[in-house]
Amino acid sequence: MSKVFDTELPFPTLAKTALADAQLRANLAHATTTIRNKRLKVVGELDDWEELRNAGAAIKDYSLDHLDELCVELEKNVTAHGGVVHWARDAAEANDIVVKLVQATGVDSVVKVKSMATAEIELNVALEKHGITAYETDLAELIVQLGDDLPSHILVPAIHKNRSQIRQIFLDEMGKSGLAAPADLSNDPQELAAAARAHLRQRFLSAKVAISGANFVIADTGAVVVVESEGNGRMCLTLPETLISVVGIEKVLPNWQSLEVFMQLLPRSSTGERMNPYTSIFTGATPGNGPSDFHLVLIDNGRSSALAEETGRDVLRCIRCSACLNVCPVYERTGGHTYGNPYPGPIGAVLVPQLRRGQRTPLEDSLPYASSLCGACYVACPVKIDIPKILVRLRSEVVDEKRREHPRDPELLSMRVIEKGFSSARLFQRAIALGGLVGRLPLTTLRLLPPPLNKWSAARDAPLPPATSFRSWFARTHPEENISSPAPVTSTAAMVHHHDALHDAKPGHVGSDVAGREGVLSSISTALGTKGHTSTLSSQREYRIAGTLDADARRGLLKDRLVDYRANVVECDSQTLASTINQLLVAHPSQSVAAAADTPAQWLSEIAATVHLDEPALSVTDLDAIDSTLSGCAVAIAQTGTIVLDSGPHQGRRALSLIPDHLIVVIHDDQILEVVPEGVARVAANSTQTWISGPSATSDIELERIEGVHGPRTLDVVLVTSSL
Amino acid sequence: MKVALFITCVNDGLFPNTPRAVVEVLERLGHEVVFPTQQTCCGQMHLNAGYRQEGLHLAQRFREVFSEYDVIVSPSASCVGTVRDLYATSARSLGDDALADEFEEVGRRTYEFSEFLTDVLQVTNVGASFPHRVAYHPTCHSLRVLGLDEAPKTLLRNVEGLTLVEIPEEDACCGFGGMFSIKNSDTSVAMGQDKFAHVRATGADVLCALDNSCLTHIGGLASRAKSGIKIMHVAEILASREGAARV
Chain A
1 MSKVFDTELP FPTLAKTALA DAQLRANLAH ATTTIRNKRL KVVGELDDWE ELRNAGAAIK
61 DYSLDHLDEL CVELEKNVTA HGGVVHWARD AAEANDIVVK LVQATGVDSV VKVKSMATAE
121 IELNVALEKH GITAYETDLA ELIVQLGDDL PSHILVPAIH KNRSQIRQIF LDEMGKSGLA
181 APADLSNDPQ ELAAAARAHL RQRFLSAKVA ISGANFVIAD TGAVVVVESE GNGRMCLTLP
241 ETLISVVGIE KVLPNWQSLE VFMQLLPRSS TGERMNPYTS IFTGATPGNG PSDFHLVLID
301 NGRSSALAEE TGRDVLRCIR CSACLNVCPV YERTGGHTYG NPYPGPIGAV LVPQLRRGQR
361 TPLEDSLPYA SSLCGACYVA CPVKIDIPKI LVRLRSEVVD EKRREHPRDP ELLSMRVIEK
421 GFSSARLFQR AIALGGLVGR LPLTTLRLLP PPLNKWSAAR DAPLPPATSF RSWFARTHPE
481 ENISSPAPVT STAAMVHHHD ALHDAKPGHV GSDVAGREGV LSSISTALGT KGHTSTLSSQ
541 REYRIAGTLD ADARRGLLKD RLVDYRANVV ECDSQTLAST INQLLVAHPS QSVAAAADTP
601 AQWLSEIAAT VHLDEPALSV TDLDAIDSTL SGCAVAIAQT GTIVLDSGPH QGRRALSLIP
661 DHLIVVIHDD QILEVVPEGV ARVAANSTQT WISGPSATSD IELERIEGVH GPRTLDVVLV
721 TSSL
Chain B
1 MKVALFITCV NDGLFPNTPR AVVEVLERLG HEVVFPTQQT CCGQMHLNAG YRQEGLHLAQ
61 RFREVFSEYD VIVSPSASCV GTVRDLYATS ARSLGDDALA DEFEEVGRRT YEFSEFLTDV
121 LQVTNVGASF PHRVAYHPTC HSLRVLGLDE APKTLLRNVE GLTLVEIPEE DACCGFGGMF
181 SIKNSDTSVA MGQDKFAHVR ATGADVLCAL DNSCLTHIGG LASRAKSGIK IMHVAEILAS
241 REGAARV
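First to last, the protein sequences are chains A and B. Every letter in the first sequence is one number past the one before it in my numbering, and letter 667, counting from 1, is 667. Every letter in the second sequence is one number past the one before it in my numbering, and letter 186, counting from 1, is 186.
The set of hints was computed from the structure by calculation and includes no laboratory data. Be aware that a few hints might be false.
To be verified - With a Cα cut of at most 30 Å, we get these calculated DSBU-like pairs of lysine-lysine:
| no. | chain 1 | residue 1 | chain 2 | residue 2 |
| --- | --- | --- | --- | --- |
| 1 | A | K455 | B | K183 |
| 2 | A | K420 | A | K384 |
| 3 | A | K420 | B | K183 |
Said to hold, decoys possible - Covered stretches of chain A (in silico footprint by chain B; criterion: 3 or more residues with CB under 8 Å from a CB of chain B, positions within the stretch not fixed):
| no. | stretch |
| --- | --- |
| 4 | 382-396 |
| 5 | 426-434 |
| 6 | 472-482 |
Note that CB positions come from ideal geometry on N, CA and C, so glycine has one too.
Please model the entire structure based on the sequences and the hints provided.
If you want it as structure tokens, here you go:
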């Protein structure tokens, strides 16, 4: 049975266990420090980072303000491309939809791409109840699933495990559900990744149904965007006949162009890379080049309730990058399990209470307090969510609830007494005079304080109040400057209660008999109210949208960035292209090479290995037996070392560049662009795309990047120069 | 210039040497310092802990007590951050934009002490002398709410005899966090111990910051560990004439 979070215990109680685990703290400190430094380095490379953050926040704000319209537009475009859109008001409806879709295919197992949405709705448990096994394929999710553990990080769910612990889980568990790990497995991350590759290989190649989430869905094209590193995502999104993507309604972006912002913000913020190794982009069903059966399940599950609140709307901007976790000093010490749900860290502390309005437990009430309000999360957030401000706001909701439900609560009563004391200079002066009496005790420091301050003194000394307060000293030394005026008359804040009505939110829309689609759309419209739909999308793009380098410099930059991600780059001219290709195949060494049917004869003219053209289409098994693939590309983006394949000329189907373990890509000078916005502008918005930045890679073991998981482990790039 | 002191409740009752140092420095620089005696607490603890009603009451009280002063100076970055930022945010969260505007107005007149020296008075050398190895901890409110990064360090570097040392991962929170230090005391202490270890690694004799509350937390751990490191507010160092050549 898949493990799920089922605690209602408050954060401080859960933190105690985590803090006592020295190994956990060491693992977390190591991993978060690594990723923090990586993020700072790649963010520092962009001088338009602030402009990108502003644009990201503005696009998200616009999307949320028009969410019902955009969801309908998305539905229309996905449907037009042969996909089916389903709407779920809550987790139960979403699970029900997915279970029925899987059952209709007749399979009893599915492969999954890591997805926060499916973790949120606890889909794996629902599938298991119906006899369907869900195999997680992301390396970190695999570690968690094999170890019967819970995820503890949005990006790297196994961040709490180090390489030795991962090795042990692989040795103990892999054999129970598939190919066992080699007995001599070491704790070298490269070897661990290779074990995961071998364990999952057959599962990928034979899977009939896959389930994914999505990072973005684009309203004006119907495109689904899945950002990943290892190639497990590509396997799931490309090879099975049926694909079911479960996506929160807040993931919708208005248009294709907005991707130019988010494909810069997300990778740099999450894995600390200029670009993640793989991004898949597809619209609807893609028979012949991917799943022939595509379902998009849009889930509300508390999002429309959150949308009704200003703070909730801010939180819905989140792109799940996890930068806030990595910079959070609380997360670094307590880890993710302490947050008691799949969304940990600062974003979890503001997201979960808003998604679960009306379902207050001690856990939810404690989450807004699980922060020292240090503000590091706000600084790091790529879409500028002011998390500290929202935490404070959510705290006030907890207190307001306390006022209604528990008016005799000791904290509430003491905070009122303290406020009364502060409301009068006379009372305050008396209080510090009393403190001054303590200060006359023959002590230097206080080591024991009464409850609740004993929680302070358990580990910290407290200062002894001085015998003389500042105000007594000043009154004595500065009689002229001591300005006594009458006590101010302030009205006790009368404005407080009008807002409470908003918080008596009904928990979701469960039990309503309105159909899912109408239910979700009407909840969004209600949440947007009369103020909705008013914003417009600025056409001003303050960030860099065009490059400045000449062709040689662009090629040089691309080469540099590709090499940085361990691609092997060679330069040649059109005369030597054919021999260069052959040399790369010989060097690999390759006996066989796959290529698209329209591959130029010249590219193939000197190849000694057996060439398999994809006509008739090579089967998955055929491709798995072939050593290499030779491919052209649509464009390349120098700044991020990204090669964009759009299934166009000289490239063929997505499976070609995925299954063989060695990929050679040929890039001509006129295909090289400098910056991401140029690339997005050049590629057809509705094409079936794969963005490749280096060989397949993972950062799932201690957040250190290593190359080589499920996609091609060797990437050779041939830069064909017009003049050399 | 006439300066109204906002001393803060914590400094008044627990750390009077800090505001005394502020008075000394400002008077040494030739400014008139006044103390409105009706002042108490800015309401930070209440506002941050979710007690909006009580906190905003104290906020309005603050605004009235200081209504007639053009320049309000305080030796606490977190209290200034509260006045400048949290007051208006809290009022706006209740939909009271008019009140928020009034709070923003008083916020523009309120300065953190070191910020006042460098940004308003344009002073970067206060003529202090303090022959010690000093570590400066940029508190979260000074660094991320008020944006005070280099200015306080410049003031310290210009103190005669002072050696300023950088704390590893200096921008990491110390773990105080107001009521966080009680409500999540275990996590707070864990953060504090890491911070203290970093402070110790600098070999500094003195640890200073712009917030006595954070210093109480780190200092409480230091004292429990009998470390002997001295804890001081930046203002106290800027007021020091220790070891100065006699004129």
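Taking only the CA atoms, is the gap from A/K455 to B/K183 under or equal to 30 Å? With a Cα-Cα distance of about 8 Å, the restraint between A/K455 and B/K183 holds, given a limit of 30 Å.
Problem - Restraint status (C-alpha distance of A/K420 to B/K183 at most 30 Å) - result: The hint holds at about 22 Å.
- According to a criterion of three or more residues whose C-beta lies within less than 8 Å of a C-beta of chain B, is the stretch 382-396 of chain A covered? holds (count 6)
Query raised in the report: Can the stretch 426-434 of chain A be counted as covered by chain B under the rule of three residues or more with Cβ-Cβ separation shorter than 8 Å?
Result: holds (count 3)
Restraint check for A/K420 with A/K384, where alpha carbons must lie at most 30 Å apart: Not OK: A/K420 and A/K384 at ~37 Å, beyond 30 Å, violated.
Inset, instruction - Go check the stretch 472-482 of chain A versus chain B for me, would you? Three or more residues, Cβ under 8 Å, otherwise it fails. - result: Coverage by chain B holds for the stretch 472-482 of chain A (6 residues, Cβ < 8 Å).
Of the numbered hints stated above, the single one contradicted by the structure is hint 2.
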